[in-house]
Structures are given as C-alpha cells and as structure tokens.
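Using the sequences plus the hints, can you model the full thing?
Listed in order, the protein sequences are those of chains A and B. UniProt numbering applies: residue 1 is where the first sequence begins, and numbers increase by one. UniProt numbering applies: residue 1 is where the second sequence begins, and numbers increase by one.
Careful, some of the hints might be misleading.
Copies of one chain are not kept apart here, so a pair can be met inside one copy or by any two copies together.
[Claimed, not checked] Listed next, the in silico DSBU-like pairs over lysine-lysine satisfying Cα-Cα at most 30 Å (straight line):
id : residue 1 : residue 2
1  : K212      : K301
2  : K253      : K432
3  : K535      : K589
4  : K589      : K525
5  : K108      : K555
6  : K257      : K436
Just so you know, the hints here were simulated from the structure itself, not pulled from any lab data.
There are 2 protein chains.
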Amino acid sequence: MPKLTDVPKRILIGRALRSDKLGETLLPKRIALPVFASDPLSSVAYAPGEVLLVLSIAGLSAYHFSPWIALAVVVLMFTVVASYRQNVHAYPSGGGDYEVANTNLGPKAGLTVASALLVDYVLTVAVSISSGVENLGSAIPFVVENKVLCAIVIIVLLTLMNLRGVKESGSLFAIPTYIFVAGVFIMIAWGAYRGIVLGDTMMAPTADFEIKPEHAGLSGFALVFLLLRAFSSGCAALTGVEAISNGVPAFRKPKSKNAATTLALMGGLAVTMFCGIIFLAMATDVRMAENPATDLISNGKPVGESYVQDPVISQVAAAVFGDGTFFFVVLAAATALVLFLAANTAYNGFPLLGSILAQDRYLPRQLHTRGDRLAFSNGIVLLAGAAILLVWVYGADSTKLIQLYIVGVFVSFTLSQTGMVRHWNRHLKTEKDPAKRRHMIRSRAINAFGAFFTGLVLVVVLATKFTHGAWVALLGMVIFYVTMTAIRRHYDGVADEIAAAEERPDEYVRPSRVRSVVLVSKLHKPTLRALAYAKLMHADELEALSVNVDPAETKALKAEWERRGINVPLKILDSPYREITRPVIEYVKNVRRDSPRDAVMVYIPEYVVGHWYEHLLHNQSALRLKGRLLFTPGVMVTSVPYQLRSSELAKKRARKRQEWNAPGSVRRGPVEKGAKEPAGKSN
Amino acid sequence: MPKLTDVPKRILIGRALRSDKLGETLLPKRIALPVFASDPLSSVAYAPGEVLLVLSIAGLSAYHFSPWIALAVVVLMFTVVASYRQNVHAYPSGGGDYEVANTNLGPKAGLTVASALLVDYVLTVAVSISSGVENLGSAIPFVVENKVLCAIVIIVLLTLMNLRGVKESGSLFAIPTYIFVAGVFIMIAWGAYRGIVLGDTMMAPTADFEIKPEHAGLSGFALVFLLLRAFSSGCAALTGVEAISNGVPAFRKPKSKNAATTLALMGGLAVTMFCGIIFLAMATDVRMAENPATDLISNGKPVGESYVQDPVISQVAAAVFGDGTFFFVVLAAATALVLFLAANTAYNGFPLLGSILAQDRYLPRQLHTRGDRLAFSNGIVLLAGAAILLVWVYGADSTKLIQLYIVGVFVSFTLSQTGMVRHWNRHLKTEKDPAKRRHMIRSRAINAFGAFFTGLVLVVVLATKFTHGAWVALLGMVIFYVTMTAIRRHYDGVADEIAAAEERPDEYVRPSRVRSVVLVSKLHKPTLRALAYAKLMHADELEALSVNVDPAETKALKAEWERRGINVPLKILDSPYREITRPVIEYVKNVRRDSPRDAVMVYIPEYVVGHWYEHLLHNQSALRLKGRLLFTPGVMVTSVPYQLRSSELAKKRARKRQEWNAPGSVRRGPVEKGAKEPAGKSN
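Shown next as structure tokens:
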C-alpha cells in the first residue's frame, strides 16, 4: 500500500518500476524523438548566432556568406545522419560510438572516443545551461545581469534533481521539445508569410547597428580561414546526434528501424530550423559581433560594456512576433527549457557511459552496477563540478564555451565512422549473398564519406579553434584517457595475480583445521549471540578471547563468565599499553606459527546502528582490528551483527535507497533478458 | 638490527620502548620538575606584565600597588601548592582533579572539571604560543610583525610533531627549562647587584614613557575592582600547577612523596621568579598599558599603532643586561622555547584526559585505548584547530587571550579542593588512629582553605573578566559538557539495551543449523580460497552464489565451474537491473523465511590492497553488500581475505603505526601492572 506522501511522487513520475514491467517502458517514436533529440534540436538556439558572430569579424559584408555556410552545415548534417543510420542497424545493442570504435579499431580508439564523449557531456551541460540562461535573459533582464550565478544555480538544481533520482520520463521531454519545435516552425512560417505575402519590413532589435570589422577587407587565405571558422561554429548544431545510437535498446520493435527513422526525422527538423533561423536573421537584419561592446556601433558610437547581445533566435522572434509579445515569451521560455533538458541528458549519459567503461574495467568496477545510487552520484557530482568550473571560468558565455565544444563530437564522429568502414570490410569478406553485399557496399560508401567529411571537419575545427579554447577540451580528453588507462592497467595486473592456476581446486585446501576465536569485551547480548553462532559452526577448537585493558573490568568479566557457566574457555591477553589490536594480532600469529595448517576464524560481535554519529561511538576498535587481521594470512573474520533498535532507521534508509531508480533508465532501455543466454536460476 | 635511517631517530628520542622496559622510564625529581613545571614556570613570562597592564588603567600611580598584588599571588600560590600536596598523597593514581571531583562530588562535578580542563588545554596552547611569539619578537622584529602567522605556523609545527609521534623525553624539557630558570635567577641577582651594590641606574626601554590613565583618580569600589582585576590577571601564574597531580604514576618511588616535593620546589621557583620580575620591573621603570597605541605617551605624543609593546620579562632583561646583548638574546630564546614546551604539554594532556573520559564513557570508547594513534590524532587535531581559531580571532594577543584563560583553572581548583574536603570528611568517619586523624584534620584544613581561597578567586575572575572574554571560555565548557553528557546517555541507553538477561546463555542458541553461502563473481584465487575455507567449517549446507549481471560472464563462470569439477553447488541469481546487493539480500531473506531456525553465514572473498586508491577500485560492492547484510537478522558475514602483493605496503605501514609511541607516555607513567588484580594469562 503506497504511503500518502508517495502520491504526489507517483503522479509526477509514475509508478515505481518493477523489473517484470520493463517491457512497458519501451519508447514509441513520438516519445523517443524528444527524449533523444532535445540536445541536437536545442542547438539551433545558438548555432546560427555563432555563424553570424564569426562572420562579423570581417564586417557586415561577410554576412552574405551565411547561406553558404548554412548549406555546408546541412550537407554535413545529412551525411552524419545517413552515417548513423548505418550504425543503428549494425549495432543495435546501444554501445554507440564507443562500442563501434572499440570493436573495429581496437581499445585505444575506443578509449579515445570514450574520453571525447566524457568531455563532451561536461560541455553539453556548460554550453546548454549558459545558452539557456542567455535565452531566458532575453525575456527576464535579471537573469542575464547575473548570468554566472543563474547558470550555477540551475546546474546545482539539475544536480540535486538527478541525485534525488527523479526518473526520466518521456512526457517530461516531449512537451517542451514539441512546443519549442512548433514555436520555431510557426515563427519561420509567420515570418515568411509576413515578409513574402504581406511584404512587411521586419526589423530585428539590432537592425540599426553598424558593425566595425575587426579585420576589414579580408581576402584569399584569411577569408577562407574565417569562413571555415564560421562553419566550425555552425557545426555546434550537430552535437548530440549520436545520442540515438546509444539508445537503440530503448526503442520499440523493430528497434533499429525505428531508431533510424527517428534519426532521419530529427535530422530533417534540425536542418529546417537551422536554415529557417539563418534565413530570418538575414531578412530581419540581425547584427551580432564577437565583441559587441566595441564592434557594434549605434549612432556612430560603440554600444559599450553594458550592452547585452541577445541570442539570434530571440532577436528573430522579436522581429517576427514583436518584443515582449505572448509568442515571444513562450518561445523564449520553451527555448530555455529545451536547453536545460539538453543539459539533463548529459546527466544521464555520463554515468551510463561510465557503467559501460566500468564493464571494460576502465573505471572502478562498482560503477558497472546499474542503478547503483552511490556510483551514479559520484559521476553526477564529477560532471556537475566540472561544468560549474567551466561556467565560472568562461563567465557563462556560450560563445566562448562553444570553442571547446565541437572537438570531442567530431573526434567521436570520425573514429566511429572509420570503425564502421572497417566493420563493413570485415563483413564483406565473408558475405556471399549479392543483395546483402550490395547493401553493405552502399552502407560502406555512406560511412566512408561520413568518416572523410567528419574527419575533414575535425581538422578544420582543430585548426580554427585550437587557440580559441579547443586545447582545453583536448587536455580534458588526455586526462580522462590517462586515468582510464591507469585503472585498466591496475585491474589487469590484479587479474593476472589472482588468476587461478590450472590445478584442481582441492589443492588450495591447505589448512586442515579451523580454530575459532570469539572476541569478548563484556558479557552482553551481542557477545552471547556471537558465542552461540560460533558454537553452531562446529570448529575444531573454540575459545573466547578478551584483552585485559582494565583489570577491574577483566575481573568482572571472568566472574560473570563463571557465574553463567559458559562452556567455552576464556583466554585473557595482557596489554600493558591498553592496546587492543596488537595483543590479538600477536596471539593469532602465534597460533598460526604453532600450527601452520590451522586456519583461524575470528568472530567479532558488531553493533548495527542507525545514525552516522553512532558509528563513531561503536565498532571503531573492532573495525580497526578487522583491518589489521585481514593482513594476516590464514585468517577469516566473521562479523556477528547485533541490531540495535536505532538500526531500524538505517534499514529503512537503505531500503529506500535500493528502490531508487537511476535517471536515464528510460533512454537506456531495459537489460535484454537472455540477450546472449537464457540465464534463469539453474544448476 | 636497526635500519640506518633509524639512527638519528634513536639518538634524538632514545630506543623504542618495549613494555618490559617500562620501569626504566620512571622520572627522577630533577627530570620530573621540568617535565611538569614548564607550564607554570613559563607563565612568569607573561603574568607580571598582565598585572602592570591592568594597573596602568588607573595611571602610573597605581603601579605602586603591584607589590601587594604580587604578595596576594604568592599567598595564593602557596595555598594551591599546599592543597595539591594533599591531593597527590590522597590520589596517587594520576586521575588528577577529574578523579577527585568525580569520586567525592559526583559525576556532574567531575564532568564540569573535565570540561574546564579541556578548555584550558586549548587556551594553554593559544596563550603560550602567543606569548612565546611575543618574546621571540622582542629579539626578532619579523616575528612580532607577523604575529598571527608565526603563531599559527608554530602551532602547525607542534601539531605535526605530535601527530608524527615524537615521544616526550625528559631531557627535551629539562635543558630549556633549566636555562630559562637559571637565566631569570641570574637576571634577578645581577639586577639586584647592579642596583644595590653598584648603585647603577637601570632603565627599561619604556622608562621615559608617560601613561595616560584611562580612568584617572579611581577610588573606592572602582579602585578595588581594578586591583581585583589586576590580581585575576596575575593568577595566570598559577595555570598548570595541577599537572603534577595528574602525573604521580610517572614518578619514581616513593611516588607521592616525590611528587609533593616537586610541587613544593615548583611553587618556590615560580613565586621567586614572579616576585623578582615584578620587583625589577618597578626598579627599572617598565611602562606597560592595555592600549599602548593611545595610552603610552612619548615626548607628549601617543606612541601610535606602530608601537610594539615588548613583554615585561624582555624589557627587564634589556634594562639589566642591555638590549641585544648575548644574555638578553639567550633569555628571550629560552623564554620562547619554554613557552612552546608549555604548549606542547597540552598536546599530551588533552588526549590523556580524553582517554580517562572515554573510560567513563563520556567520549567514544576507542579513545580509551592508550597509544592508539588514530584516536590520539583526532584529539590533537581538535586541540590544534580550536587553538588556531582562538589565535586567529584574538590576533595572537596574549593579553586578550589571558582574559579567557583563568576561569577553567579555577573552576577545576575549586571543585578539586572541595572534593578533597569531602574526601577527608569521609575518611575521618572511620579512622580511629589519633595520629592519622590529626594528620587528616590538618590536611582537611589546608584543602578547606584552598577551596575557599580558589573559590573566592573564581568569583573575582568571573566578576572582573566575564565581559572581557571569560564568557567564551564558559561557552566552551558548556559545549564540552553537553556533548559528553549526550555521549554518556547514548552509551548508557545501548548498555541497557544489550544487557544480557539472567537466563542461561544456551537459551540464546536459537538457530539450530547453519547454511553457508559463498559469494562468487569469477573463479580466481580469492574465490577458491573462500570456497576452501568455507568447506573447512562443516556447515550443515554449503552453496556458492553468483549474481548474473552479465550473461556472458555468468556463462563462462558456469563452464569453468564444471570444467574444474568443484563439488559445491553453484546458484545463479538473476538481476535484471544489474544490481548485486538486492538479489543477494532477497535470497538470504528467503532462506530465513523458509527455515527460520537456520542461521546464514555469507562468505565474501575480499582483496587486501595497499593503497587508498586501490580501495576505490576493489571491494566496494562487497562492502556495501556487507553493510546491508548486517541489517538482516540471523546472518553472519565472513570476510575471507586475499592478500594482493601491494598489501605488503599497507602491512608495513600498519606495523609502523602500531609501534608508534604516543607522546605524553613519559608524563603519564606506565600502566600499573596488577594495580587492582594480578591479571596474567589465565583460565
């Protein structure tokens, strides 16, 4: 029976999932689209502006190159979408780029992709939140006046939300995303109608400004370089496209086909919105500059430091709908919300990738366990910390952060597509069916073109952005790469060390007898329980052991022992320095020295308590003793718990923690039962 | 054979102590005096100055009251020394004021004394270091210009030294203390010789200054109040007198007699030095003011903020020996060193008192263990943190800190002496021998006068200093008191809960059979060892348990299990969410539900590793599982350790930690073997 306090939660996030209900949570396309596409779709909120911004360096005249750059971005988007449609067919398991690179190009390429993706998740948070704050700021001035503060507050809120474990739900994504998409389409349509049919002159708020070119009259190589830089910035529209390839298992069947369709839909929507906004920006004479304070000229004077440059999407909306109108505010709100959702996807993606990496022993094993709250939390906090640092350092300026953003994406695109080419080559070697061969050859061509094009963009991005901040992203990648390599090396070393030799296991049964020792400090219920349990275990020898720290207490213990007639011999160890650990360790070592074929089993009565501070008051000596005993060969340590009343509290807390559902489970899909083997209870 | 690197350590602090060598470490009087008296003797470095400082409030004319105040301090000192000589005879066990108050006045009085002493230890550090820095500053200007920084650096150094475990050694204390005492006596003698025999006019550096009285022409009640305040400040000379009564067990036999003699010696030295310095200060026209910047007038103008008021001892030394002369510098250095040693005594006293309080369950039990490095470290860090905070807040100004200092000492004095009166009353009820009765009545009279006098001083101190800072000390005492009461209440509650009922212990043997479960993830050496050990234990049932987190791995495990022909049934638990904890807990619960009289023993193979970061990479799932299992009734958890190669490192570290000697062991003396019972290995 659900508690009363559960009701609002149930309403908000739906019934808690039972494992047998997993099937119901598979996503139909209409939900999968917003769940996976909030990141790439939201990037049209900033990508068009970045193109104009870079072009402005060469002055207003350079703006007329923007349709060409838009065209290049469109071609790139179609290439990438086409390529990834091959991926989802070939790798329906949801490993994404990491799996593709790892399988086809080897672990180093896989790890490079993983490092790139981890850096990218951090940047997704930083860029999306910063851009969201800027969009929100176009409607609410306070927000833009305290950009860094607001961005950090939103990151902290998102973090708390994810730590609490608000489960991702499809409709949470669907509503704002569809409002955003619809809003942008209405804006484009209404703008086109007003401009073409009504012949209105729509003016962006910045239409009257002049732009002071930082480098007037660029030509030749310098112009090409600038255009390439503008193109690189426009490529920000492609971030997040790979998300669907990680999420294939979450789709309804036929999974791969549905995922591919969703990819195509997403690509089509993104491209239309991107071009539409660029087109409207040109039509309404939007003016943006990299350094607005000095380079935007209003009435012959620079606008100065106090000027806030609104995002292109909100300037266009102001021109089309009118500043401050209902539609304007709704679109600004929807844009900000979609950008925050895009950031939220990184909160799910980061730990999920972490769990895959943990499976391959590049990260601590415990991250592998899905839905493990503690492991998940560590990932979340790491992600949030890094994002806050970036937002802080770069003043929540999306333009500056985007310089770092695109490297990781294109490293991952390029390696993944190269891997796909290898994949087809390998399959073509064995495939005989001509129809299938034709299909594969076609796929290979698409992926090869994808690899070539994204590789080219990667070179362009590196060349044009390295000094502008891309080096920071590369440094981050190197740090992840080195750390994960070191962890893997450690695990491999340990695996070698503990690999079982090929003898029969019975040869390991070196000890022949067990001597049980129950540690006793006082005669109370925990001790009596430990004694009773120890007796049950039929050891070859059983004795109780107490350390004489206080002669009076020891005397009382002995008297009580005899009075109760406990039929286990009680041994008292002297301890002139009132230590507990040393005498016990030395006693155990002596036992082992005297009879090396005896194993020693030490029973320690432990209090189970409810509050953290109670831990400080109990069990500390026992814990330390246990730590030392584990270093002594031939010793086992058994904790015999005694549950104090206060432990009920901790039990409840632990149960609650266990029932927690990890965010991101919707987009990852359920574990395939019997994917490789029907693994029921058996043997 | 000692390692080469041990040689310097051996030279510095002597051979490591073995418990059978404890007898050798008992202190002769000539060493006990400096070990215990560095705190009270060093206080003559600041106490005389404080008297002059307070008197200056009423102007220069009030200085002529200073001999009378010195006389009052002398009388008080003799009273306190005489009283404590009774204590060391009556309580040779070293419990000190806490034991006396606890035994005779009940636990609340005992706890009050303990709180007062704990606060006092913190203030000993803060005051002594600040004063030491001021004395050092009279020779090295840099030090006094960066007082707070220097004081904090010295506290940090002392802390590190004590954390590392530099053992207290008698000669470490003896040399600087004797140099300091000798230096002060030479100064007094040389000053008297120059003044009386040679008829020199000795001038302190401040002799030419005028003092602007803050309240000129005080009379009546106001004057009395000021004199009482000056007396309170002079009482700073008495801090630390009780140290000897805590250290009786460290003395050679006859312990009590030697301790009493040392007390008398210490009192005589302190009084002579205190009076000598006051006398020289008067003779050399030392001028001190509470606010030197405004109240000291040089050539008709205030000396201003840049003026640094040197301690009275260094002003006198400058007058007698000449500023910057060899003797001057030696005395300044010895003074600073003795003050730092006085601070160091608090580093030993604080954890030692903590261990006594832990024995009475006012503090966590593990502090009880003597020489436990971890417990000791916590005390040290708490002490250092509080002292640094005080030094920071009060700008390392010894004058301001002394306002807080004296309350705790006199709370402890008064309660201890009152307790002694009760002690004698109790003994007089039963004692028949007239000679002994006479002796007791005399002792009671001394203690009664001591209680009355110190109680009076306590009232004076509270009345004159409460608003000047004594409230901070009282607040600190309340915090300690409340915390310790809460801890005691918790322990008492738990003790009630776990108290064994009066049935025969066999009635607790509720479970009748044991079902052993070995947790298995892979078949490697740690697993094989756990299986082998589990087999040794002759449980009624034995099975291996694995959680199917990855179907491929599970399949491999089953195949390997069969290939090796392991004759233990392997059970696989499904885990659709890739959890480990939940399926195991539910399995164990089901076992208990099906057969409630079965106990379940869970064997967990554990890796023993060497570095802290390796802990992050191993055992995390096992630890968490263990934590949850302990909440399940009827379950025991056995760790079967597998020592990885890297564990050797941690083993060495642990051994080193074990051989560490707690600072303060010299002054506490060895544990009395068989103090209450000859507790050899027996039964």
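Structure-based check of all given hints:
1. K212 <-> K301: within (10 Å within a copy, 64 Å between copies)
2. K253 <-> K432: Cα proximity of K253 and K432: one copy only (28 Å, versus 101 Å across).
3. K535 <-> K589: both (23 Å within a copy, 22 Å between copies)
4. K589 <-> K525: both (29 Å within a copy, 23 Å between copies)
5. K108 <-> K555: between (66 Å within a copy, 27 Å between copies)
6. K257 <-> K436: within (17 Å within a copy, 105 Å between copies)
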